[in-house]
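Listed below, chain by chain, are the residues.
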Amino acid sequence: MMIRDSAATMAAALAKKEISAVDLANQHYEQIAAVDKDVHAFLYLDKEGALAQAAEVDKKRAAGEKLSPLAGVPLALKDVLTQKGVPTTCGSKILEGWRPPYDATVVTKLKEAGIIILGKTNMDEFAMGSSTENSAYGPTKNPWDLTRIPGGSGGGSSASLAAFEAPLAIGTDTGGSIRQPAAVTGTVGVKPTYGGVSRYGLVAFSSSLDQAGPCARTVLDTALLHQVIAGFDPKDSTSINQNVPDIVAAAKKQDIKGMKIGVVKQLSGNGYQKGVENKFKESLDELVKLGAEIVEVSCPNFEYALAAYYLIAPSECSSNLARFDSIRFGLRVGDDGSKSAEEVMNLTRAAGFGREVKRRIILGTYALSSGYYDAYYGSAQKVRTLIKRDFESAFTKCDVLVSPTAPTTAFKIGEKTNDPLAMYLNDIATIPVNMAGIGGMSLPCGLAEEDNLPVGFQIMSPAMKDDRMYLVGGALEAALIDKWGKTILDFAPKLVGSK
Amino acid sequence: MSLNYEQAVEKYEPTLGLEVHVELNTKSKMFCGCATEFGAQPNTQTCPVCLGLPGSLPVVNKKAIESTILIGLALNCTIAPYSRFARKNYFYPDMPKNFQTSQYDEPICVNGYLDVEIETDDGSKSFRVEIERVHMEEDTGKSLHVGGSTGRIHGADYSLLDYNRAGIPLVEIVTRIIPNTGKYAPQVARAYVASLRDILRGLKVSDVKMEQGSLRCDVNLSLSEINSGKLGTRSETKNVNSLRSVERAVNGEFIRQANRLTSGERIIQETRHFLEESGQTRPGRSKEQAEDYRYFPEPDLVPVIPDNKWIEELRKTLPEKPSDRRKRLQQAWSVPDKEMSAIVNAELLDTVEETVLLGADPTKARSWWLGEISRIANDRSVFPTELISVKDVYQIITLISQGELTDKLARQVVEGVIAGEGSPADVITKRGLKVVSDDSQLMKAIEDAIAAAPETADRVRGGNIPAAGALIGSVMKATGGKADAAKVRELLLKHLGQ
Ligand SMILES: [Zn+2]
Numbered sequence: 003m004m005i006r007d008s009a010a011t012m013a014a015a016l017a018k019k020e021i022s023a024v025d026l027a028n029q030h031y032e033q034i035a036a037v038d039k040d041v042h043a044f045l046y047l048d049k050e051g052a053l054a055q056a057a058e059v060d061k062k063r064a065a066g067e068k069l070s071p072l073a074g075v076p077l078a079l080k081d082v083l084t085q086k087g088v089p090t091t092c093g094s095k096i097l098e099g100w101r102p103p104y105d106a107t108v109v110t111k112l113k114e115a116g117i118i119i120l121g122k123t124n125m126d127e128f129a130m131g132s133s134t135e136n137s138a139y140g141p142t143k144n145p146w147d148l149t150r151i152p153g154g155s156g157g158g159s160s161a162s163l164a165a166f167e168a169p170l171a172i173g174t175d176t177g178g179s180i181r182q183p184a185a186v187t188g189t190v191g192v193k194p195t196y197g198g199v200s201r202y203g204l205v206a207f208s209s210s211l212d213q214a215g216p217c218a219r220t221v222l223d224t225a226l227l228h229q230v231i232a233g234f235d236p237k238d239s240t241s242i243n244q245n246v247p248d249i250v251a252a253a254k255k256q257d258i259k260g261m262k263i264g265v266v267k268q269l270s271g272n273g274y275q276k277g278v279e280n281k282f283k284e285s286l287d288e289l290v291k292l293g294a295e296i297v298e299v300s301c302p303n304f305e306y307a308l309a310a311y312y313l314i315a316p317s318e319c320s321s322n323l324a325r326f327d328s329i330r331f332g333l334r335v336g337d338d339g340s341k342s343a344e345e346v347m348n349l350t351r352a353a354g355f356g357r358e359v360k361r362r363i364i365l366g367t368y369a370l371s372s373g374y375y376d377a378y379y380g381s382a383q384k385v386r387t388l389i390k391r392d393f394e395s396a397f398t399k400c401d402v403l404v405s406p407t408a409p410t411t412a413f414k415i416g417e418k419t420n421d422p423l424a425m426y427l428n429d430i431a432t433i434p435v436n437m438a439g440i441g442g443m444s445l446p447c448g449l450a451e452e453d454n455l456p457v458g459f460q461i462m463s464p465a466m467k468d469d470r471m472y473l474v475g476g477a478l479e480a481a482l483i484d485k486w487g488k489t490i491l492d493f494a495p496k497l498v499g500s501k
Numbered sequence: 008m009s010l011n012y013e014q015a016v017e018k019y020e021p022t023l024g025l026e027v028h029v030e031l032n033t034k035s036k037m038f039c040g041c042a043t044e045f046g047a048q049p050n051t052q053t054c055p056v057c058l059g060l061p062g063s064l065p066v067v068n069k070k071a072i073e074s075t076i077l078i079g080l081a082l083n084c085t086i087a088p089y090s091r092f093a094r095k096n097y098f099y100p101d102m103p104k105n106f107q108t109s110q111y112d113e114p115i116c117v118n119g120y121l122d123v124e125i126e127t128d129d130g131s132k133s134f135r136v137e138i139e140r141v142h143m144e145e146d147t148g149k150s151l152h153v154g155g156s157t158g159r160i161h162g163a164d165y166s167l168l169d170y171n172r173a174g175i176p177l178v179e180i181v182t183r184i185i186p187n188t189g190k191y192a193p194q195v196a197r198a199y200v201a202s203l204r205d206i207l208r209g210l211k212v213s214d215v216k217m218e219q220g221s222l223r224c225d226v227n228l229s230l231s232e233i234n235s236g237k238l239g240t241r242s243e244t245k246n247v248n249s250l251r252s253v254e255r256a257v258n259g260e261f262i263r264q265a266n267r268l269t270s271g272e273r274i275i276q277e278t279r280h281f282l283e284e285s286g287q288t289r290p291g292r293s294k295e296q297a298e299d300y301r302y303f304p305e306p307d308l309v310p311v312i313p314d315n316k317w318i319e320e321l322r323k324t325l326p327e328k329p330s331d332r333r334k335r336l337q338q339a340w341s342v343p344d345k346e347m348s349a350i351v352n353a354e355l356l357d358t359v360e361e362t363v364l365l366g367a368d369p370t371k372a373r374s375w376w377l378g379e380i381s382r383i384a385n386d387r388s389v390f391p392t393e394l395i396s397v398k399d400v401y402q403i404i405t406l407i408s409q410g411e412l413t414d415k416l417a418r419q420v421v422e423g424v425i426a427g428e429g430s431p432a433d434v435i436t437k438r439g440l441k442v443v444s445d446d447s448q449l450m451k452a453i454e455d456a457i458a459a460a461p462e463t464a465d466r467v468r469g470g471n472i473p474a475a476g477a478l479i480g481s482v483m484k485a486t487g488g489k490a491d492a493a494k495v496r497e498l499l500l501k502h503l504g505q
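Chains as they are written, first to last, in this note's numbering: chain A, 3 to 501; chain B, 8 to 505.
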């Protein structure tokens, strides 16, 4: 069995024909069959499509065709990206049964690279949440402790990695939906610079904040996947027409001597779990040992980031989600011939959207309404500018910024479902990155002493300097594994039935 | 008692504003690559973007921006160095995303003007129509409501949706209030839309076919008592789709509002629809409260920041302004004001110019197109060039000037061409319409005419030249109208010693 190996190792074995892509995919399907009834990372398995794709890769390899580095390696796709002919639900009832007629650009790139898409992973409905409890199809469990949340919104993608159901996954990050799940599952996740990866085919939650990104169990795997999906896309006007820095080389370099690493004063203290802060500080010590210099920087406007985020994201979502109206696709409720189109739209939206989605649509509709626009949406945009300036000024003093990814380790399922504000606080350290459109990574940095659960270390880099977080992340990861004598997931309890 | 238009304009002063929507003729839609052909099978020109499918994203059509900048330049606008799209949020089944992507508070062209001329009691008068903004937006799909009696959504059994039109680029041209039009408001409105249409046609950015809806006009009108200084409440009459209707809509709305105000009723701020048959307007769907569109900048699109160099290059490609062209042609053709206006109003300027460019005499070209041919065209409710080509008319005019045809014969040739009997030459041959130019044949007819009326001939011999008219008439009759009257006159007078 290779399922516990890294994607890079699997790729090497495939290249040497030590294993076929079909066998590798089947090994993962076996693991999924064994553990996913407990973890519930997947919403849909496209076994037929994936195996056909794998057979194609094997055929090409046998024919001696030149293949891309990750060809034949399996991947779990967050159910917020369209894949032609494969159900895409966004974790919502309103899209139940919808099969998109087109591939997201990210999916096109994955297919072109020969990466095998095993299936679609669970998520908070329309990516709104930090625990995957808002999925209309039931929550995903944290493989470290099945009574706990796997983070969100991309809990399914991160859990699939931690449960060895897939070595690679795609997530999307609007306020931390890649990084926070990575943190609480002991995996790696990267939110690329806004515009670095195409959003075409990513079902929008908040267009100016959404960004698809790579998830894996190692920094190098994450970089390899990032390389595949990055780049300019003429179908996405906000995508950046500029060369992607060599992130794979950066992930391998492991030399951070003389680098200046800024610790954000505002992203610690009140609200942060003791064990999280301790692991974070120990990691800083490792970075110093590697020759980096730690500087403290202040970003005073981060204080307003969460409040501003909860105006901008709901405002955009209220408009983005207007298209779910039963007319052209998805759920239709109450169309018995006696009702008007407007009534059917209302009934459908009432039945099809969950509580959190409705909450945010209402919030956003209110924030954009005439007479309130300036006070809410307008002010939030100003805060956004101030946060950008905070980052700009901080990056004059250091090469990257760091903080804990999430204030706590994984909490219990159900613990915060009745307290939206407590839930929102999970993203307090990840949101500033989205507001500024820069890059952010979370990698595991140890287990909190209180609960033996993984802690995430966040690295933030300036826009289009994504290579920097891979450089620092790669070096830190190596130092920590060296220190522990094994990877973090080797500390995790074995799931029942796991291969 | 009810006021007619003359009474209404004595009491009230209009405040007029016009919004014109123009469908651009770009090959592809505003935000996707779909075709824009008119009349295609329903929903065959669609894709994930213009159907608003989840995950799809818009990309601005550069050609549409270019066309809009051209329109702005032709209307003397400033081109904004930075403009943005916004989302106009409201739910409607034929709008795929349930928001329309439209420019809002940051339009691409601002502060322009267009001078239009109309005929007043005191001769030609020019009005300056100030343009507030020219902005881009996308069209919606079309709903077809089936069943029910009204053809409207309420009471229909079901509705069919066609998204072919969804996402077709539209340009909206909004005027400021047009001041001091007084009783000429309907003519000014019409002249403005007509001038605008000519400009757009000259720019080749739109088909400007009002009957197909590629150019439609919303008329905003309010009245205030003359010299009261108070602005009235306005109504907005939507989608008026012919020049004549624009004029009639202003007229009808003027009368309606004047009568309400006179009888002490209030004007409701509302959307109204123009009724082609009666020339009046009826209220649209009444809204309980003003719709809140929750505009905000479209986050899926980047701002439009046109390069100055690009703008200047586009400026160089602008065609001659229709008003300049009109002046130039009027001078070249030596046409009086009134006749020039007649050509323009009949929309025959292009046609006459083309005929002249082939070599026809301007006066002849004008009189043939506006006279005989227009008369027949009007009878059949078609445009003159649909009946006969510019080339045929040029040939007929040439034959007249060469003495091969008389005016009377030429009318028969025109008739024949229109009837589908072939080219002018074919008609002349088939109908035997050649002018009798053989002198001996004519002399025979002249001698016959003199013999039949010797007393008249004597009067002519005696110096009574006008008396020759009767003799010429007899000759013409004898030759079946195929003789050139001038020539007959010349030969006759000579023969009688005059
Ligand atoms: Zn389209």
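Bear in mind the hints are in silico, worked out from the structure with no lab data behind them. Keep in mind that this is a model prediction, so the values were computed, not measured. Quick reminder that beta carbons are idealized off the backbone N, C-alpha and C, glycines included. Take these hints with a grain of salt, some might be off.
Only pairs whose alpha carbons sit at most 27 Å apart, straight line, appear in this in silico BS3-like list of lysine-lysine [what the hints assert, rightly or not]:
1. 237/A / 334/B
2. 19/A / 113/A
3. 384/A / 95/B
4. 237/A / 149/B
5. 398/B / 334/B
6. 494/B / 360/A
7. 485/A / 283/A
8. 69/B / 237/A
9. 237/A / 34/B
10. 489/B / 451/B
11. 341/A / 149/B
12. 237/A / 70/B
Not the full set, but computed from the structure, chain A residues with beta-carbon under 7 Å of chain B [as the list claims (entries may be wrong)]:
13. 202
14. 203
15. 210
16. 242
17. 243
18. 318
19. 321
20. 330
21. 333
Taking the hints in turn, this is what the structure says about them:
1. 237/A / 334/B: 47 Å, violated
2. 19/A / 113/A: 20 Å, holds
3. 384/A / 95/B: Roughly 22 Å between the alpha carbons, so the hint for residue 384/A and residue 95/B holds.
4. 237/A / 149/B: Status holds; Cα separation ~26 Å.
5. 398/B / 334/B: Within the cut-off at roughly 25 Å; holds.
6. 494/B / 360/A: Violated, because 92 Å separates the two Cα atoms, which is more than 27 Å.
7. 485/A / 283/A: Holds - the C-alpha atoms of residue 283/A and residue 485/A are around 15 Å apart, at most 27 Å.
8. 69/B / 237/A: Given pair residue 69/B, residue 237/A holds - Cα atoms ~14 Å apart, limit 27 Å.
9. 237/A / 34/B: 18 Å, holds
10. 489/B / 451/B: Holds: residue 489/B and residue 451/B sit about 15 Å apart, inside 27 Å.
11. 341/A / 149/B: Within the cut-off at roughly 20 Å; holds.
12. 237/A / 70/B: Roughly 16 Å separates the two Cα atoms, so the pair holds.
13. 202: 5 Å, holds
14. 203: 4 Å, holds
15. 210: 4 Å, holds
16. 242: With a minimum Cβ separation of about 10 Å from chain B (threshold 7 Å), the hint on residue 242/A is violated.
17. 243: 11 Å, violated
18. 318: 6 Å, holds
19. 321: 5 Å, holds
20. 330: Because about 6 Å separates residue 330/A from the closest Cβ in chain B, which is inside the 7 Å limit, the hint holds.
21. 333: Since chain B brings no Cβ nearer than about 13 Å to residue 333/A, farther than 7 Å, the hint is violated.
Hint compliance for this structure: hints 1, 6, 16, 17, 21 are broken, all remaining hints hold.
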